[in-house]
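2 protein chains.
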Amino acid sequence: MADGLNERSQNILEAIVEDYIASAEPVGSRAISRKHDFHLSPASVRNVMADLEEMGLLCSPHTSSGRIPTEKGFQYYIDTLLDVRDLNRNEKQNLRNSYRFQNMRMEDIMQEVGRVLSGLSQYTGLVMAPKFISTVFRQIDFIRLSQGQLLMIYVSETGLVQNKVIEADPSLTGSDLERISNYLNSELNGLSIQEVRTKLNRELQEDRIHYDKLKKQAFNLSCAALQGEIEDQLYVSGASLMLEQPEFSTPEQMKRLVHAFESKKILIELLDRGQSARGVQIFIGSESSQVDLEGCSLITSNFSNQKGAIGTLGVIGPVRMNYSQVVPIVDFTAQLVSRVLDLEIEKN
Amino acid sequence: MADGLNERSQNILEAIVEDYIASAEPVGSRAISRKHDFHLSPASVRNVMADLEEMGLLCSPHTSSGRIPTEKGFQYYIDTLLDVRDLNRNEKQNLRNSYRFQNMRMEDIMQEVGRVLSGLSQYTGLVMAPKFISTVFRQIDFIRLSQGQLLMIYVSETGLVQNKVIEADPSLTGSDLERISNYLNSELNGLSIQEVRTKLNRELQEDRIHYDKLKKQAFNLSCAALQGEIEDQLYVSGASLMLEQPEFSTPEQMKRLVHAFESKKILIELLDRGQSARGVQIFIGSESSQVDLEGCSLITSNFSNQKGAIGTLGVIGPVRMNYSQVVPIVDFTAQLVSRVLDLEIEKN
DNA sequence: TGTTAGCACTCAACAGAGGTGAGTGCTAAA
DNA sequence: TTTAGCACTCACCTCTGTTGAGTGCTAACA
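These protein sequence lines map, in sequence, to chains A and B.
Be aware that the first sequence starts at 1, since it is given in the numbering used here, and climbs by one per residue.
Be aware that the second sequence starts at 1001, since it is given in the numbering used here, and climbs by one per residue.
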């Protein structure tokens, strides 16, 4: 049905969407007829507009105002009319230069990426670090904090450091711990946490019979350390830029947005949805089914290293977002970050 | 001069401040004369109000409105009229129960404290973790990330984990690194970073003569690792609660606040100012000299462990803040956190 | 002398009226 | 099929008058 649009209708829809993206104001027939040389009078444009409205691609806030695209209209625009040009060599180089990844910890890289994404797009940048469970084991360390408490320090292949406090048998001595971590480090090297977990479960069952005390303790400890959920790291940059957008100019909308950005759960949930897909993904408005994010669109892409650790980055802006500008930035940044993560290993 | 207030003026000032704290609206003479039984007519109250206005303790937004306290008025109220009652046994227990510190990493504790502070006060909770430089050395570890890059992992006495990427001589082998970290761990144990730094500088000079290669490499590495600035950790909780306050209800003020909360620098600077003091401190409004924080007051207290690592926690709210409620919460929470940090060591 | 009633005055806030202009839908002519 | 013309709509602005809470001043009172 939506594809039954003839060329003229498509052109007018595109013009309306783009005018609206630029101005954030309802677009009238006169403006379309003048600015774009379709050689059509306002009246003819109005006829087309009425058709588009009937199809649910446009709507008017009130009888005597211009039209604004509906979410369905934006969806059609993105699916059919938007041409995403690749960045040219120059722009790519500029983007590369915006990032400084030298001697940076994983956290710093993520934060930097968020900052740059937000700075370039003038919307809000989001970066979700690779999930703990998808990272590849590199090293584990145990440090006694108090009688019954150990601090576990875990380092992934890419240099991501996680730590966690676990309870442990107080009778374990320092050298016990050292032997245990040495054992685990040789045993688990190169496995993803996912794989580590299945290995642990398997071995724990077998070892119940063999009764090697060291192994048993080692596996028990690492079970405690690597089991439970470790919450996702989400970096939000430039939240205040969103408040400059006219669609979020009322106090109520500002509160809603700030709340959404503050309780990162909402965003993490949203970003998770795109984790399985490849390439750039666009979530429009109410697709998110998050009341607090009404009126927002999200452009994301996953980045990953060759070992399969997947993170997500993106930009969140108003539905009336400049997709043709932001999509290539998100796309190329994801490629860039993927490469940086692999470099950290390859140079190894 | 301000202390030349007679009892009646003080009573009326107190009544006005407290009414204003409760209502956020200018307070009129009639309301004061009725709600509080001073046995004074509105006209008499007005006379006193006129005096207080002349002293700069009150002001009126316009000729025919009630009075609101000026910052000076709030200052006087806090210095002279505010009686901060201690929490009773019951309230203390409740507060203790609000916190769950079991098996928590330093970061989690800080975040939890911020959340609870914000939840109890209904304003915004701030927690600044002890500065890296003030923490006490416990353990250091080096992990090779790539040819020329090492990941340094540092653990403090209290279980605070810091990591940093440093450049290093690619010829160092794994066992070199192990020996170096063993050496440093025995050598630097129990010193604060501050002390470590002076020790390193001293030894580096002496060792230039003795030419012990291991030592030299060890000190060089730890210098690179522990030197530069490590940015302060600041946890902001409940920023959106501030947006509910009527003084920040316009879009402009919301933007200002969100911006201030987002660029944590502003807040860190402010919290740093109180680091040397003991007990609860109150910064009122423009004292902060931060445009973005106009109209805000800050109640802070430091927490510390016996080894001298100092952090700061507090609540930021409108100048029209419920001081008598929030001050004891901040005070007792700081004591609580101090005790928790010491426990982590003592149990040791 | 301190307190209070009375009174004229001020001003934010609200509501209604009227004008303006950008935009629409419909109709009939080109 | 396109377009000119026209009546109509409605957000937005400005102007106006009303209301009410609150003030300062003054004169009378205890």
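Treat the hints with caution; some may be incorrect.
[As the list claims (entries may be wrong)] Simulated crosslink set (DSSO-like; lysine-lysine; CA at most 27 Å straight-line):
no. : chain 1 : residue 1 : chain 2 : residue 2
1   : A       : Lys265    : B       : Lys1264
2   : A       : Lys131    : A       : Lys264
3   : A       : Lys307    : A       : Lys199
4   : A       : Lys255    : B       : Lys1264
5   : A       : Lys255    : B       : Lys1255
6   : B       : Lys1072   : B       : Lys1092
7   : B       : Lys1092   : B       : Lys1307
8   : B       : Lys1092   : A       : Lys255
9   : B       : Lys1255   : A       : Lys265
10  : B       : Lys1265   : A       : Lys265
11  : A       : Lys72     : A       : Lys35
12  : A       : Lys92     : A       : Lys307
13  : A       : Lys131    : B       : Lys1264
14  : B       : Lys1215   : B       : Lys1199
15  : A       : Lys265    : A       : Lys255
16  : B       : Lys1199   : B       : Lys1307
17  : B       : Lys1255   : A       : Lys264
18  : B       : Lys1072   : B       : Lys1035
19  : B       : Lys1213   : B       : Lys1199
20  : A       : Lys131    : A       : Lys199
21  : A       : Lys35     : A       : Lys199
22  : A       : Lys264    : B       : Lys1265
23  : A       : Lys213    : A       : Lys199
24  : B       : Lys1264   : A       : Lys264
[As the list claims (entries may be wrong)] Simulated coverage check for chain A against chain B, where a stretch passes if three residues somewhere in it have a Cβ under 8 Å from a Cβ of chain B:
no. : segment
25  : 99-107
26  : 129-141
27  : 146-156
28  : 165-172
29  : 184-190
30  : 239-248
If you are wondering where the hints come from, they were derived from the structure by calculation, not from laboratory data.
Where is the CB? At the ideal position from N, CA and C, for every residue including glycine.
Here is how each hint holds up against the structure:
1. A:Lys265 x B:Lys1264: 21 Å, holds
2. A:Lys131 x A:Lys264: 15 Å, holds
3. A:Lys307 x A:Lys199: Between A:Lys307 and A:Lys199 the Cα gap is close to 18 Å, so the pair holds against 27 Å.
4. A:Lys255 x B:Lys1264: 20 Å, holds
5. A:Lys255 x B:Lys1255: Given that 27 Å is the threshold and the Cα spacing comes to 10 Å, the pair holds.
6. B:Lys1072 x B:Lys1092: Violated, at roughly 32 Å.
7. B:Lys1092 x B:Lys1307: Holds, at about 26 Å.
8. B:Lys1092 x A:Lys255: 32 Å, violated
9. B:Lys1255 x A:Lys265: The hint holds at about 23 Å.
10. B:Lys1265 x A:Lys265: Distance of about 25 Å is within 27 Å: holds.
11. A:Lys72 x A:Lys35: 24 Å, holds
12. A:Lys92 x A:Lys307: 26 Å, holds
13. A:Lys131 x B:Lys1264: Given pair A:Lys131, B:Lys1264 holds - Cα atoms ~26 Å apart, limit 27 Å.
14. B:Lys1215 x B:Lys1199: Holds, at about 13 Å.
15. A:Lys265 x A:Lys255: Satisfied, since the Cα-Cα distance of roughly 16 Å is no more than 27 Å.
16. B:Lys1199 x B:Lys1307: Holds. B:Lys1199 to B:Lys1307 sits at ~18 Å (cutoff 27 Å).
17. B:Lys1255 x A:Lys264: 20 Å, holds
18. B:Lys1072 x B:Lys1035: 24 Å, holds
19. B:Lys1213 x B:Lys1199: Answer holds: B:Lys1213 to B:Lys1199 is near 18 Å, not above 27 Å.
20. A:Lys131 x A:Lys199: Roughly 19 Å between the alpha carbons, so the hint for A:Lys131 and A:Lys199 holds.
21. A:Lys35 x A:Lys199: 66 Å, violated
22. A:Lys264 x B:Lys1265: 21 Å, holds
23. A:Lys213 x A:Lys199: 18 Å, holds
24. B:Lys1264 x A:Lys264: 18 Å, holds
25. 99-107: holds (count 3)
26. 129-141: It holds: at least three residues are needed, and the segment 129-141 of chain A offers 3 whose Cβ sits within less than 8 Å of chain B.
27. 146-156: Held - the segment 146-156 of chain A has 7 residues with a Cβ nearer than 8 Å to chain B, which meets the minimum of three.
28. 165-172: holds (count 3)
29. 184-190: violated (count 0)
30. 239-248: holds (count 4)
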